[in-house]
Structure formats: C-alpha cells, structure tokens
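Participant: What follows is each chain in one-letter form.
Number of protein chains: 2
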Amino acid sequence: MKPIGPLPPEFLDQAGALSIAGRSVDSLVAEAGDTPLFVYNMAAVATRVARFRAAFPGIDLHYAIKANPLPALLAAIAPLVDGLDVASSGELAKALTVKPAQAISFAGPGKRDDELTAAIRAGATLNVESEGEATRAFAIGDRVGVTPRLAVRVNPDVELRGSGMKMGGRASPFGVDAVRAAALVRRIVAAGADWRGFHIYAGSQALDAQAIIDTQSATLALAARLAEEAGVAPPLINLGGGFGVPYFAGDVALDVERVGAALAESLARRAPILADTRFAIELGRWLVAEAGVYLTRVVDVKQSQGETFVIVDGGLNHQLAASGNFGTVVRRNYPLAVAARMGEAPTAEVTVVGPLCTPLDRLGDRVALPPVEVGDLIAIFLAGAYGASASPAAFLGHPPAIELVVERS
Amino acid sequence: MKPIGPLPPEFLDQAGALSIAGRSVDSLVAEAGDTPLFVYNMAAVATRVARFRAAFPGIDLHYAIKANPLPALLAAIAPLVDGLDVASSGELAKALTVKPAQAISFAGPGKRDDELTAAIRAGATLNVESEGEATRAFAIGDRVGVTPRLAVRVNPDVELRGSGMKMGGRASPFGVDAVRAAALVRRIVAAGADWRGFHIYAGSQALDAQAIIDTQSATLALAARLAEEAGVAPPLINLGGGFGVPYFAGDVALDVERVGAALAESLARRAPILADTRFAIELGRWLVAEAGVYLTRVVDVKQSQGETFVIVDGGLNHQLAASGNFGTVVRRNYPLAVAARMGEAPTAEVTVVGPLCTPLDRLGDRVALPPVEVGDLIAIFLAGAYGASASPAAFLGHPPAIELVVERS
Numbered sequence: 006m007k008p009i010g011p012l013p014p015e016f017l018d019q020a021g022a023l024s025i026a027g028r029s030v031d032s033l034v035a036e037a038g039d040t041p042l043f044v045y046n047m048a049a050v051a052t053r054v055a056r057f058r059a060a061f062p063g064i065d066l067h068y069a070i071k072a073n074p075l076p077a078l079l080a081a082i083a084p085l086v087d088g089l090d091v092a093s094s095g096e097l098a099k100a101l102t103v104k105p106a107q108a109i110s111f112a113g114p115g116k117r118d119d120e121l122t123a124a125i126r127a128g129a130t131l132n133v134e135s136e137g138e139a140t141r142a143f144a145i146g147d148r149v150g151v152t153p154r155l156a157v158r159v160n161p162d163v164e165l166r167g168s169g170m171k172m173g174g175r176a177s178p179f180g181v182d183a184v185r186a187a188a189l190v191r192r193i194v195a196a197g198a199d200w201r202g203f204h205i206y207a208g209s210q211a212l213d214a215q216a217i218i219d220t221q222s223a224t225l226a227l228a229a230r231l232a233e234e235a236g237v238a239p240p241l242i243n244l245g246g247g248f249g250v251p252y253f254a255g256d257v258a259l260d261v262e263r264v265g266a267a268l269a270e271s272l273a274r275r276a277p278i279l280a281d282t283r284f285a286i287e288l289g290r291w292l293v294a295e296a297g298v299y300l301t302r303v304v305d306v307k308q309s310q311g312e313t314f315v316i317v318d319g320g321l322n323h324q325l326a327a328s329g330n331f332g333t334v335v336r337r338n339y340p341l342a343v344a345a346r347m348g349e350a351p352t353a354e355v356t357v358v359g360p361l362c363t364p365l366d367r368l369g370d371r372v373a374l375p376p377v378e379v380g381d382l383i384a385i386f387l388a389g390a391y392g393a394s395a396s397p398a399a400f401l402g403h404p405p406a407i408e409l410v411v412e413r414s
Numbered sequence: 006m007k008p009i010g011p012l013p014p015e016f017l018d019q020a021g022a023l024s025i026a027g028r029s030v031d032s033l034v035a036e037a038g039d040t041p042l043f044v045y046n047m048a049a050v051a052t053r054v055a056r057f058r059a060a061f062p063g064i065d066l067h068y069a070i071k072a073n074p075l076p077a078l079l080a081a082i083a084p085l086v087d088g089l090d091v092a093s094s095g096e097l098a099k100a101l102t103v104k105p106a107q108a109i110s111f112a113g114p115g116k117r118d119d120e121l122t123a124a125i126r127a128g129a130t131l132n133v134e135s136e137g138e139a140t141r142a143f144a145i146g147d148r149v150g151v152t153p154r155l156a157v158r159v160n161p162d163v164e165l166r167g168s169g170m171k172m173g174g175r176a177s178p179f180g181v182d183a184v185r186a187a188a189l190v191r192r193i194v195a196a197g198a199d200w201r202g203f204h205i206y207a208g209s210q211a212l213d214a215q216a217i218i219d220t221q222s223a224t225l226a227l228a229a230r231l232a233e234e235a236g237v238a239p240p241l242i243n244l245g246g247g248f249g250v251p252y253f254a255g256d257v258a259l260d261v262e263r264v265g266a267a268l269a270e271s272l273a274r275r276a277p278i279l280a281d282t283r284f285a286i287e288l289g290r291w292l293v294a295e296a297g298v299y300l301t302r303v304v305d306v307k308q309s310q311g312e313t314f315v316i317v318d319g320g321l322n323h324q325l326a327a328s329g330n331f332g333t334v335v336r337r338n339y340p341l342a343v344a345a346r347m348g349e350a351p352t353a354e355v356t357v358v359g360p361l362c363t364p365l366d367r368l369g370d371r372v373a374l375p376p377v378e379v380g381d382l383i384a385i386f387l388a389g390a391y392g393a394s395a396s397p398a399a400f401l402g403h404p405p406a407i408e409l410v411v412e413r414s
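Protein sequence lines, in the order shown, are assigned to chains H and D.
Every letter in the first sequence is one number past the one before it in our numbering, and letter 274, counting from 1, is 279.
Every letter in the second sequence is one number past the one before it in our numbering, and letter 282, counting from 1, is 287.
A couple of the hints might just be wrong.
Same chains, same label: a pair holds when it works inside one copy or across any pair of copies.
Only pairs whose alpha carbons sit at most 25 Å apart, straight line, appear in this in silico SDA-like list of lysine to any residue [stated by the list, open to error]:
1) K99 - A51
2) K99 - L365
3) K7 - R175
4) K7 - Q308
5) K99 - P364
6) K99 - A399
7) K99 - P405
8) K7 - L17
9) K7 - D182
10) K99 - P404
11) K7 - E349
12) K7 - V335
13) K7 - A176
14) K7 - P251
15) K99 - V54
16) K7 - T333
17) K7 - G332
18) K99 - A77
19) K99 - L79
Hint data in this document are derived by calculation from the structure and do not stem from the laboratory.
Could you put the whole structure together from the sequences, leaning on the hints where they help?
Facilitator: Given below as structure tokens:
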C-alpha cells in the first residue's frame, strides 16, 4: 500500500457523501451535465485571501493567473486581490477583462515583440527579463508612442530552500543576474521609461516557513542593495511567492502567520531607500489549489494478477500533475476519495487509473479505499491549480473536462 | 556539455539551411504565417510504410492515431495503411472520416457506455478490456440492434524487454489476464457477438530487434494456446507494435527487416488453428515521429552566471516530451539544430528554453550548437508523434502551435 496526501481542511471532517461549498457532488455533476468535472469553490479561495490579509497587513496580494486562468474563476478572484501577474499575451488579454492595466504585471523569459507591444499599449507593467528585452521594449514604446512601465526581474543570488522548483541561486533564464540589475535600472530610468521596481522570484511550492522567511529577508536586502546601487527608490517590490500546499503524505501546511510576522519585522528594519516602497506577494497555487476538486466516474473495476484496478473516465488528459508526470521525479499519490464514502475506513487496496491507453495514466497507485463500484465518483483533491490548463487535454481525443465555479450561497 | 539525440535519416547529410520535403524552413514558416510550427513530411511517412511493407509482406499495417491525430495527417496516412486503431470516441469520429468502420478498432481501458455505443453503432471493432466491458457491450448491442464486433485484448504474460513502456508481464489495467481470455472468447461467441480475434500489446518504444522478435513469437504462441483453449480460430491477431525510434544519444535505430524475417519464420511454423488468421502490427510513433519537425524562433539570447540561454517562442506547451516531463525519469536531449546552420560545427554550449515561466520548460540542456542569434529558427526533431496533441497547449496562455502537412512535390 502507498499513502495518499492529506485532505484539504475543508474536507477533513466530512462523513458520508462529499460536499463542496455546501453542495452535494451529485448535484454539482447534475449541474455540469457530465463527468469528468473540476469544481472550484470560491469560498475556499476567499478563506485563503482573508488569511493572507490578516497575516500580511499592508502587503499587496497578487494572483498569478497561470495557476488557474479559467475566466469565471478569474472574474471571481479579481476583486479579492490587488494585482494580477500574467505570463503571456493570452493571459494578459484575460487579465485586462477583470483588472485595470496598472494592476497587471507580465513576466516571462521569452516575450515576443507582439507580446511586448500588447503590454505596452495596454499600460501593463513588464517584468523585464534581460537587457535585450529592455532594448526591444524601448523601441516598441517609441513606435507606439507609449511610455513603457518596466520592472526589473532579478535572478536572485539566493535560492528558496526546500522549494519544489528553485528559481534562484543559479544560472537561470529568468531575470537578469543580480550583479547586472542596477545597471539595467539606470538604463531604464535614463531611457525615460516608467521604472516600476523589482520582481524577485526565488522558488515555488515551499512548505517550510523558515525557508520562506530567510528568502524574503534576503530578497529585501538584495532589493535595497540594488536600489542603492542604482540610486533610485523602487515604487514596488514583488517579493515572489513560493507558498506551497500539502500534496503528499507527510507534507505539513505552511505556517503563513509566522511568515507574515517575520516579514513585518524585516520591513520595520528595512533600508531607508525602501521607506516608500510598496511590497507585493504573488500567489497562485496557495490561493486556488485546495479550492479545486476533480470528480471522475468509475467506468470499470477489474482484477489483474491479484491487483484491483479502478478505471475512471478522466485522467492525465485533465490532471497531468496528479498522475505524477509533470515536474516530479518520484510518483506520489495526491489525496483522493470515494466521493460517496467520505470518512469511511478503507477495505481494500486498489489502483485508480484513467481511461487513457498508456500506463502513465495512474491517479492513485495502490491506495487504500472504502468499497468502490462502477458508477461511483472518485474525487481527486488539490485540483484547483495547474490542473485543467496544465494538462494535455487533446491527448487521446477525450472531451475536455467541464469546469464549474461555485460559491457558498 | 550534454549530448543530443541522432538526427533522423532524412536530415543526416543536410548542410546549410534546413529543408523539409525539399522545402526551405523559411518558406514553410512563411506559409504557416508564424512560429512555433510543426511540419509533418508525408514523404517520410511513406518511406516508412514502404519499408514496413517490404519487411512484413502479408501482414496488415495499422496506424495508432494517438501518435498524431491531426486531420490532415490522418487523411494522408489512411490510404497507406490497412487499419486505424483508436483510443476514444473522439479518435473514432476522426477515423471514420477517412476509413470504413470495418478497418477501425478501438482499445482503451475505460470506455464509457457512450463510447461503446458509438463504436457498436458505427460497426468498429471494440478491443474488449474486461468481462464487465463485454457485458456492457452485449447490452448496448441489444439495445441499438447491432451485433457488436468484439476482439479480446489480452494482458500477456510476457513483457517486451527494453521497451520504453512495458504493458505486459504484470498486473495491468489493459485487457484481461491471459488465464481468463479463453473464457471471455467463449462468452463472446455464445452471446452471438462477432468475435474478431485478439489484441495483444506488450510494450512500446523498443529499439532491440531481438526483444521484439521474442515478444512476437511469445504472442503468437499465446494466441494459439488461447484459441485452442477457446476452441475457435481468431479472424485477426493484432500483435501490437512497440517499434521504437532513436530519440537520444546512443540510441540505435530498430532493425525492422530482421524483425520481419523472424516473424515470417514464426508464422510459417504457426499452430494449425491460426492457419487462416490475419495478422496486424499496430504502429504509431515509428511511422510518424521522424517525419515531424518543430520549428521555434529565438526570442532572446542571454547570459546568466556564465551560462548562455537561448530562449525560443515555443516550449513544453507544444512539445512536452522533448522537455523531458512526460514519462521519463532522467531528462535527455532530443536532437535539435540551428535551422540555418545544418552540418556546421558547434561553437558554444547553450541551454535552449521555451517561453514558459517555469524551469521545466527546457528543450536543450547544455547542448553544443553553432552560432545562434535572436531571430534564428531552432528545429527540434522527432516531433511527429506525441507532440502537439500530447502537450498542455493551454498552459500559460500562449497560442497553440501551427501544424503543417507537406509532401514532396
């Protein structure tokens, strides 16, 4: 038997039939009309936003829409956050439907000229990733007659310890090395562009509060040093994000209150050049991952060589990360449950697989579950971030998943 | 420096500007109107079909459309093959536009009732994956008034040694265990369904001819034993596929002629009950992978901590497998080239990354390339199978890749 990850707090004490935002999964499937189905509970998102606000007073909250760009979710989350971070002109166009351009920033190591043009015309902030990109942005600003709003993305010389994806402390395609950042700021200011500050992102999916505290402290020190070197105060510092959620057995939720208290202390002691700077934290996964549940129906239950396989109608075509095939070396089980039997003791070890004709399509490997039959719904949790939009939906020709946004009435 | 995989034969001797099917990549990009772009050369596919025909006289050739379901490619390949194998009702609908239902078979461990109904109504063969699925197919056949065409997919007790994905010799969601297959055949015949034979798929992406020879020989013996046990001769045996292509440094192309000669010998000695049976080999990757090239344009070239990053406008959103994030444990480099400088000696070590804001988006890790500048085209080879359709196209909101089918004029 292999363990599964922990249930998100909203589902911990449920017994009997699973409910999401106070609604039964059967009614949600009926509303959607079919399975497989993602359900996103905006009340769970709002809970996390409120927790952030309490822990980080005075800090701007940005939503990184790459985590979940569904338009209905975006429309619901936009009023709750101060800014939106986008990573392509496609995401920019979506963000502009729900936020003013001044609240949108665009990061990405390979922005094409057409993407720079769209951002500059709209008035969004470009997080400049290289000297060459800055040069292109100046030229495009001149051509379209709009002063570009440019922040400098810095490849920090610190990494985020324990993060699922390290993006600092090493050679990187993201941002400019810290040693060149001040010179780039001076060039931006000299070119007459509107310098917006720094974007410094050291890693993602960290559960260790001390690691985030240390990274934020180092990031603040780095930003102060760069600002002094450039001789200009940054209007905004995007401190990155990196707040993780517990996906796997043994993972323990991040103590965000501790991170917030430590950041407040660091800010109280910050260098004078940052006195009037605003600070933002950019979160995607932490805001939406636990709010999402993927519901898929059991099509077959079969035996093979002594093992039991539960075959469901959705798989890695909708939830690649849960299959263990996206950015993970060792496959581990996401939390999952038989939706009608929450809280019931397991009675058998089964392997839950999707319908795809590939051995990669495995959603639960040798997991202990209560009784499960054809027609039952299986719930895969932690499906709100990097799910539907980060999976190969066309692979093997199955229909896309339905996506439903719900709020507690 | 890390090595790259070998160029497909069509590109081995090219020098200067890359051409595909006799056309320059610049003209192909001009026709497409933009990058990133997949180009599929049907002449390369036809070469492989001809090679198969010569090596396997009398054996049916099926195309597994999961490898590349692009409608234009499907229309071009359909006349070259004897059958199409599909894995969903979406693929079934596409296949029916280019082949009669009698030439289509449908495998997949989690076929929903609506999928079984579509296949039975159309008259396609269902590769039955479990006793429960057979029961559902009988009921649906009765309801719609059509005799189902049913083959039995067998989970073989042999594995394909050295295959990239083993699908036999172990507990599996695919097919019924060999010990239960004959009983299922008898049930199908007794129910009055049209029993079409066996589907036995032991693995994929094998480069070792002897491994495939051994597996085919064992598959034939297994099919004969099951047919004798069931007391009925199978009209068709789908021997599976498993023919690999060389993706990585050190890979050596499969000797298909040797496999063909060995299969002919095995067939000459086959059990009497298989005397009138037809045999099919089901190929996807081997037919189309080498025919595809992914072309993406350099957006930026930058230095970070002593390393050079070449940033291109397409990445894992179109070519997930080339980024090493789909079914591989250790990331290795696909063959790639600066399209304008085929055959030129490398001058520098660079890392080629896509535009996505994630460290996973790496297409060439520390590869040796000739000089490369902003605006150049980078060609990633082996892009014809499991590329566009097997990648998370919506991830990060970039446009989908353009796909172009070309034939040598």
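Participant: How do K99 and P404 come out at 25 Å by Cα distance, when the copy is not named: within, between, both, or neither?
Facilitator: both (23 Å within a copy, 13 Å between copies)
Participant: Is it within a copy, between copies, both, or neither that the alpha carbon of K7 lies no farther than 25 Å from that of T333?
Facilitator: Cα proximity of K7 and T333: in one copy and across copies (17 Å, 21 Å).
Participant: Using 25 Å as the alpha-carbon threshold, which applies to K7 and A176: within, between, both, or neither?
Facilitator: Cα proximity of K7 and A176: across copies only (16 Å, versus 36 Å in one copy).
Participant: State whether the alpha carbon distance between K7 and D182 is at most 25 Å within one copy, between copies, both, or neither.
Facilitator: between (42 Å within a copy, 24 Å between copies)
Participant: Classify it for me, K7 with R175: is the Cα-Cα distance of at most 25 Å met within a copy, between copies, both or neither?
Facilitator: Result: close only across copies, 18 Å inter versus 35 Å intra.
Participant: As a check of your reading, is K7 near P251 (CA-CA no more than 25 Å) within one copy, between copies, both or neither?
Facilitator: Intra 16 Å, inter 34 Å, cutoff 25 Å: intra-copy only.
Participant: Indicate which option fits the pair K99, A399 if close means a Cα-Cα distance not exceeding 25 Å: within, between, both or neither.
Facilitator: both (22 Å within a copy, 13 Å between copies)
Participant: As a check of your reading, is K99 near P405 (CA-CA no more than 25 Å) within one copy, between copies, both or neither?
Facilitator: both (20 Å within a copy, 16 Å between copies)
Participant: Can you tell me if K7 and V335 fall within 25 Å by alpha carbon in one copy, between copies, both or neither?
Facilitator: Both: 13 Å inside a chain and 23 Å across chains, each within 25 Å.
Participant: Is the C-alpha distance from K7 to G332 at most 25 Å within one copy, between copies, in both cases, or in neither?
Facilitator: Both. Shortest intra-copy (20 Å) and inter-copy (20 Å) distances satisfy the 25 Å Cα cut-off.
Participant: Between K7 and L17, at a C-alpha cutoff of 25 Å, which is it: within one copy, between copies, both, or neither?
Facilitator: For K7 and L17, only the intra-copy Cα distance (20 Å) is at most 25 Å; the inter-copy one is 47 Å.
Participant: Checking K99 and A51: alpha-carbon separation at most 25 Å within a copy, between copies, both or neither?
Facilitator: within (21 Å within a copy, 43 Å between copies)
Of the numbered hints listed earlier, not one is contradicted by the structure.
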